[in-house]
Amino acid sequence: MPREQQRTKISSETGHRWALILAGGEGSRLQSLTTTASGIAIPKQFCSFGGEASLLHDALCRAQTVATPAHTCAVVSEHHRLWWQAMDLRIPGANVVRQPHNRGTAIGILLPLLQILHRDPDASLLVLPSDHFVRDEAVLGRSLQAAMDQIQDQPDQIVMLGISPEEADPELGYIVSDCDETDELRSVREFVEKPTAALAHALIARGGVWNSFIFAAQGRTLLRAFEQRCPELAAEMREIVSAPKSRSQQADLADLYDRAPSLDFSRDILQHSPEMLRVLTVPSCGWSDLGTPRRVTEALTRFPPRQALSRHAGHAAFLDLTQHRPVSYASG
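Here UniProt numbering is used: the first residue of the sequence shown is 1, the next is one more, and so on.
Honestly, the hints are just simulated from the structure, not real lab data.
Any given hint might turn out to be false.
[Unchecked claim] Derived Cβ-Cβ restraints for the label pairs, each shown as a range:
id : residue 1 : residue 2 : range
1  : K245      : E52       : 32 to 38 Å
2  : V139      : E171      : 21 to 27 Å
3  : S246      : Q154      : 35 to 41 Å
4  : S284      : T68       : 26 to 32 Å
5  : D320      : R81       : 19 to 25 Å
No residue lacks a Cβ here, since even glycine has one placed at the ideal position from N, Cα and C.
Whole structure, please, built from the sequences with the hints as guidance.
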């Protein structure tokens, strides 16, 4: 089918809404919990938090709030093939975007973003981490839909979902909105990724919320943010993605990843474009990023394991975080 006919078919069947699941991370901060007896560290997204389904599959189910499986992509790392290939992701194979290496969240978003825009130039995206826990999915789901609705009305904005903080955790990002605004969607005054403990306290005192790293944006708007901060990288990546599929294309992509710096999307892209950002605070939904052993323990205390979101064959996780004790390593 010609490319223009493919694009027309995409638009007529499901519109231009897409979901992107970020599943290429290493989960290094949680390796004391995710390392097996044989010494293999399983990335967190392929583990579960109680139940049968992996956190990745929970995220894929979450994405269905705004997009069909045909419009859902997951970005993975090639060296994690052992885990993601064994799972039934229930999305088209072409929607599994394979990175040669993990080069941070910025490049992990840029590659699938360009692939989606190549297929659907009018795409709007909801970007979701693959390794979070949510107790009340219905509450979060309504906020996901609201964020996607907002970017239809205000296409030049990136809508971040904020979580009301329970403590001043320096391992999380913080968003401070304009307190003078009364709208549900607010302008962003400060956007700080992983502040010091003292600054985290100050940000909360100014009304700051946690950055959930869930956000919605028009594809073109998101690409513009990349082009402002790393124009050469964006241009080279776009040229590779636009080329016909071949071994040469894969080699060029691998070469680019070898040369590219590791970039954090929040710190290196969004933090420099606060004028593009808006924040929508999610009502209490029992969210945790499960980012450290301490936060896993806290989530387990507050939210006993619940039934998995999905029970399809092939969705079983490789390890259950609620059953695995931290691994201690002898120093020296």
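Hints versus structure:
1. K245 to E52: 32 to 38 Å: Holds - the Cβ-Cβ distance for K245 and E52, about 35 Å, lies within 32 to 38 Å.
2. V139 to E171: 21 to 27 Å: Since the Cβ atoms of V139 and E171 sit about 24 Å apart, the hinted range of 21 to 27 Å holds.
3. S246 to Q154: 35 to 41 Å: Holds, at about 39 Å.
4. S284 to T68: 26 to 32 Å: For S284 and T68 the Cβ distance comes to about 29 Å; the hint holds.
5. D320 to R81: 19 to 25 Å: 22 Å, holds
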